[in-house]
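A.B. asks: Here are the chains, one letter per residue:
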Amino acid sequence: MNREIAVVAFAQTDHRRTSEELSEVEMLMPVLHDVLGQTGLKTADIGFTCSGSSDYLAGRAFSFTLALDGVGAWPPISESHVEMDGAWALYEAWTKLLTGDADTALVYSYGKSSPGPLRDVLTRQLDPYYVAPLWPDSVALAALQAQALIDAGDTDEPALAAVAARSRADATANSHAQLRGPVPHGEYVVRPLRTGDCPPIGDGAAAVILAAGERARNLCARPAWIRGVDHRIEAHSLGVRDLTDSPSTRLAAEKAGAFERPVDTAELHAPFTSQEVVLRKALKLDDGVRVNPSGGALAANPVMAAGLIRIGEAAARVHRGESDRALAHATSGPCLQQNLVAVLEGDPR
Amino acid sequence: MSKEPVAVVGIGQTKHVAARRDVSIAGLVREAARRALDDAELTWADIDAVVIGKAPDFFEGVMMPELYLADALGAVGKPMLRVHTAGSVGGSTALVAANLVAASVHGTVLTLAFEKQSESNAMWGLSLPIPFQQPLLAGAGGFFAPHVRAYMRRSGAPDTVGSLVAYKDRRNALKNPYAHLHEHDITLEKVQASPMLWDPIRYSETCPSSDGACAMVLTDRAGAARAPRPPAWMLGGAMRSEPTLFAGKDAVSPQAGKDCAADVYRQAGIADPRRDIDAVEMYVPFSWYEPMWLENLGFAAEGEGWKLTEAGVTELDGDLPVNMSGGVLSTNPIGASGMIRFAEAALQVRGQAGEHQVERARKVLGHAYGGGSQFFSMWLVGSAPPDA
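Sequence lines, in order, name chains X and A. Per our numbering, residue 1 is the first one in the first sequence, and the count goes up by one each step. Per our numbering, residue 1 is the first one in the second sequence, and the count goes up by one each step.
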């Protein structure tokens, strides 16, 4: 079944360290109105809605049910939710459109990291019997990965600092980014990672509209066609993985057709500088590829939305004619355990 | 463009109990998955992708547990999706998995839903802290009891109907070896004499809190042709959602439930559900929801559902058996409860429901709902493929 499906609109909040004056619904509403406004669609015109979020960030069960109020799900809508980054909500929506049951889909995700200590919260993601009781936090685990890369000769601390500086310099052109321009590389948080190697902690939301075939051409001057999208997961235990490599990213990219022709742009969901090194290697990206022109997750990393934002940023560059073939990547779990790759293309100019 | 037909060729569940202290979370899900694979006579290598669902992560205290469960479910190197749509999640998870097959993205998909409620206290897990909710509610019963009272007032149903549902479902559970509650000494009098929890809902008219998992292997036409046992064919499936609270919401018979059923019936070519559907596994966590859903799903006119229950129509040997497995009233690992409904519907049309098998069950509806009666997922399965 070959049905052409495209990203036709993308919107995101300004990502900030805290949004305590806003509920999740209030944070989300402007973004939803933005993507609907870009396409001229109303909620009732949308064939399928899918979202991604985590109860553990909100600190309460069923947190996504109230977010639904922001969508205006009346009359009732065809809707689903994944407890994953919004990139996977987009994947579910893409399969729904492939079946032909819907022609348009609204995908959104949001994360408020500010209410709790994020490094502690993310430890609850780990094996509950053998690892979580030790509370190894996300920075410590990423530092293990960074040290493994340095030991393998794949990178060094100055190279990591250069990734950080390039990302925040690029983010000066991104008004939504949380960290922009010159940012001090700082002290070690967990050796060998310094403050500058780590993502900012922040709150934010994003939304995307997908459309199939002619519908996409009617809604967007230059749709970002999804030529392929795939995702793969690896073993959970860090002890059985080679942390200097990402076979799941490579496999997902292969299945998504990323290696069939070179891409000109890549939006990589690499919250830590060292993870960009791993992903560049797995995706075989050479220096000719523009990596994270948005500044990437090092400039803004609203957990649960940052992956969807990578797809949105890549699509927006296709919409604007700044890219003809872009790769977007999303990750989940400790040290890049689970990875999604999408390949987006614009019509020939 | 036509969708690939979806077949259920493997079903597995655990023996549901109050606390599975003998297994880890990984052990619990693997047991159900292994049984589904055995039923389909397949191995882990035959599975292209895994779609897992469960209710709030706070129930086990593990954030996004699918990350940790990737190994136990043979998902390493494969796509793995995690669905969460509140109480309807077990059904939604199966539908997301079915879409992967219908869209020809994958040939054979393992789908699984679970809850290990003994890891926490589900009632308090469902009671949101201030400021997210007013401090009036304790657990789901406190939320749903007023809607039941509204139904009784609206329909004029005699107040004994709820106990009839509970008495029936608990007796059906005696015929299902996987059901959690096996109350061999159950009587109608005992149900009616049980303590009042949330008026009008008595203790024996509520669901238990269970540890359990349910898994299914879904496959395409080619996979079904290789299956060792008769497949169940998906004839229609749909999800619908509406907001939790808003002016004009009908909490007794929500529009989203009606729309969802109508979509399924349209896909499956069902003109008259009462006549065309042979049996129903519906999500009844509190006894009165049987007559309420009979109306919402179009099996009875508004205000008439309780008459089917009272007349014995929904008994195992009745004209429209409901919850042959014993239902949610006998088994409730919340995240899995929707998938158990879907799987039991499939077992019936495959003729493999054992002692609780309904004779000549050719088309059976599986139904799940969640949140504040706002999330619905349903599928209709048949013994013959959709184009037959």
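The set of hints was computed from the structure by calculation and includes no laboratory data. Be careful, since some hints might not be right.
[Stated by the list, open to error] In silico EDC-like pairs for lysine to aspartate or glutamate, Cα to Cα no more than 20 Å straight-line: (1) X/Lys-255 / A/Asp-185; (2) A/Lys-249 / X/Asp-69; (3) A/Lys-258 / X/Glu-4; (4) A/Lys-3 / X/Glu-4; (5) A/Lys-307 / A/Asp-159; (6) A/Lys-3 / X/Asp-101; (7) X/Lys-255 / A/Glu-119.
[Stated by the list, open to error] Just a sample of chain A residues kept apart from chain X, beta carbon distances all over 12 Å, derived: (8) Glu-4; (9) Lys-15; (10) Arg-171; (11) Lys-190; (12) Asp-199; (13) Leu-320.
If you're wondering where the values come from, they're calculated on a predicted model, not measured in any experiment. Glycine included, each C-beta is placed from N, C-alpha and C at the ideal position.
A.B. asks: The structure should be examined with respect to each hint, and the outcome stated for every one.
C.D. replies: Status of each hint after checking the structure:
1. X/Lys-255 / A/Asp-185: The given pair, whose Cα atoms are some 57 Å apart, is violated under the 20 Å limit.
2. A/Lys-249 / X/Asp-69: 13 Å, holds
3. A/Lys-258 / X/Glu-4: 32 Å, violated
4. A/Lys-3 / X/Glu-4: OK: A/Lys-3 and X/Glu-4 at ~15 Å, within 20 Å.
5. A/Lys-307 / A/Asp-159: Given pair A/Lys-307, A/Asp-159 holds - Cα atoms ~12 Å apart, limit 20 Å.
6. A/Lys-3 / X/Asp-101: 9 Å, holds
7. X/Lys-255 / A/Glu-119: Status violated; Cα separation ~38 Å.
8. Glu-4: 8 Å, violated
9. Lys-15: It holds; A/Lys-15 is separated from chain X by about 22 Å at its closest Cβ, greater than 12 Å.
10. Arg-171: 33 Å, holds
11. Lys-190: A/Lys-190 clear of chain X: closest Cβ-Cβ about 33 Å, beyond 12 Å.
12. Asp-199: At roughly 25 Å from the nearest Cβ of chain X, A/Asp-199 sits farther out than 12 Å, so the non-interface label holds.
13. Leu-320: 25 Å, holds
In terms of the numbered hints stated before, the structure departs from hints 1, 3, 7, 8, listed from lowest to highest.
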